[in-house]
Amino acid sequence: MARKSRQVEVRMVSEYLLSAYASFPTIKAVPLGKVAESLMAEQGYAKAIGLMRPYRPEVDAVVVLPRYLVLVEAKVWNVVNGLAKLPLYKSLVPFTPELKQYSNLEVLMELVVGWTNDNLEIMARDQGVKVVVYSPPWLADIVAKQHNYWTAEYQQERQRKMQMRELLGLE
Amino acid sequence: MVLQNYVILETGVPARVHFASHVIERRTITDPRTLQPATRNVLVFDVDRLNGKEVMAKYSVMAEKHAAQFEAYLAGELYRGYDFIITKRGEGFRTVWTVEAIPLASRR
Numbered sequence: 001m002a003r004k005s006r007q008v009e010v011r012m013v014s015e016y017l018l019s020a021y022a023s024f025p026t027i028k029a030v031p032l033g034k035v036a037e038s039l040m041a042e043q044g045y046a047k048a049i050g051l052m053r054p055y056r057p058e059v060d061a062v063v064v065l066p067r068y069l070v071l072v073e074a075k076v077w078n079v080v081n082g083l084a085k086l087p088l089y090k091s092l093v094p095f096t097p098e099l100k101q102y103s104n105l106e107v108l109m110e111l112v113v114g115w116t117n118d119n120l121e122i123m124a125r126d127q128g129v130k131v132v133v134y135s136p137p138w139l140a141d142i143v144a145k146q147h148n149y150w151t152a153e154y155q156q157e158r159q160r161k162m163q164m165r166e167l168l169g170l171e
Numbered sequence: 001m002v003l004q005n006y007v008i009l010e011t012g013v014p015a016r017v018h019f020a021s022h023v024i025e026r027r028t029i030t031d032p033r034t035l036q037p038a039t040r041n042v043l044v045f046d047v048d049r050l051n052g053k054e055v056m057a058k059y060s061v062m063a064e065k066h067a068a069q070f071e072a073y074l075a076g077e078l079y080r081g082y083d084f085i086i087t088k089r090g091e092g093f094r095t096v097w098t099v100e101a102i103p104l105a106s107r108r
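Chains A and B, in that order, give the protein sequences. Numbering-wise (the working numbering), the first sequence opens with residue 1 and increments by one. Numbering-wise (the working numbering), the second sequence opens with residue 1 and increments by one.
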């Protein structure tokens, strides 16, 4: 399976935004939620936002459309986590100082995934989240490896590699 | 025109930039933790506008996470059609960059 440190999901969201929303403003890695007013008064706006960083979740991207603000979360692994986060993130939008200027826009939610299934679609519909499958060739390979992870063939191959590593003293 | 060699982001302060071209350079750096030399790929943009002023400067991206935010714009130099507002948050390995891409046709 591909290392998550390859920034697969960052690349995925960046490409998806360009393919779906090239002519609209997009913001990647947006912190969400309140910044305590007392902290802002005491430390100033910029410093208060910095100090609050560990306590504010971050959505992968926000798209600014004329009538809507779209929250976008991209997931290759743990897709249900991505789905579960979006309604919670939406609840924080009205409290997010960085998005204050868009408070007149209705908030929509999009989960961008490399693959989908019936249950994911059912849960997404229930939560008002649109599921978008974005699977360019480079991502399809990663998704295929993920799907093969639990097959007997993959496990046997993995077992063989682990034995070789041990034999060669690589672990 | 302002002569400035490199665009250095200040934590928490947004910078609005326009990129004119880019290269991927192979650079030898000193790893700040081990103090040993290491080779890294660095994405380097030529910046021709910074916060509304014409400049001749470079913006260097070494972090893979930050580079991936621009990866989709590299082919065909699509970034030329956008202004980017970049805000650096955090320090060291926990640095995060919020990147706003504004199509020039809808310049605000």
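Keep in mind that the hints are not guaranteed to be accurate.
These stretches of chain B come out as covered by chain A in the derived footprint (C-beta under 8 Å, 3 or more residues) [as the list claims (entries may be wrong)]:
no.: 1; segment: 23–35
no.: 2; segment: 46–58
no.: 3; segment: 72–79
In silico SDA-like cross-links for lysine to any residue, where the CA-CA straight-line distance does not exceed 20 Å [unchecked claim]:
no.: 4; chain 1: B; residue 1: Lys88; chain 2: A; residue 2: Ala46
no.: 5; chain 1: A; residue 1: Lys100; chain 2: B; residue 2: Arg89
no.: 6; chain 1: B; residue 1: Lys88; chain 2: B; residue 2: Ala105
no.: 7; chain 1: B; residue 1: Lys88; chain 2: A; residue 2: Arg56
no.: 8; chain 1: B; residue 1: Lys58; chain 2: B; residue 2: Arg94
no.: 9; chain 1: A; residue 1: Lys130; chain 2: A; residue 2: Leu69
no.: 10; chain 1: A; residue 1: Lys47; chain 2: B; residue 2: Trp97
A few chain A positions that, by computed beta-carbon distances, are all more than 10 Å from chain B [said to hold, decoys possible]:
no.: 11; residue: Thr26
no.: 12; residue: Leu108
no.: 13; residue: Asn148
These are computed hints drawn from the structure, not numbers from a lab. The model shown is predicted, which means the values in this text are computed figures rather than measured ones. For every residue, glycine included, the Cβ atom is placed at its ideal position computed from N, Cα and C.
Verification of the hints:
1. 23–35: It is violated, with 0 qualifying residues against the three required.
2. 46–58: Check failed, 0 qualifying residues.
3. 72–79: Since three or more residues must qualify, the claim that chain A covers the segment 72–79 of chain B holds, with 3 doing so at under 8 Å.
4. Lys88(B) / Ala46(A): Roughly 11 Å between the alpha carbons, so the hint for Lys88(B) and Ala46(A) holds.
5. Lys100(A) / Arg89(B): holds, 19 Å
6. Lys88(B) / Ala105(B): violated, 25 Å
7. Lys88(B) / Arg56(A): holds, 15 Å
8. Lys58(B) / Arg94(B): Judged against 20 Å, a Cα distance of about 23 Å means the pair is violated.
9. Lys130(A) / Leu69(A): OK: Lys130(A) and Leu69(A) at ~13 Å, within 20 Å.
10. Lys47(A) / Trp97(B): Holds, because 16 Å separates the two Cα atoms, which is no more than 20 Å.
11. Thr26: violated, 5 Å
12. Leu108: Per Cβ check, Leu108(A) is outside 10 Å of chain B; nearest 18 Å; holds.
13. Asn148: With a cut-off of 10 Å, Asn148(A) remains clear of chain B, as the shortest Cβ separation is near 25 Å.
Of the numbered hints listed earlier, those contradicted by the structure are 1, 2, 6, 8, 11.
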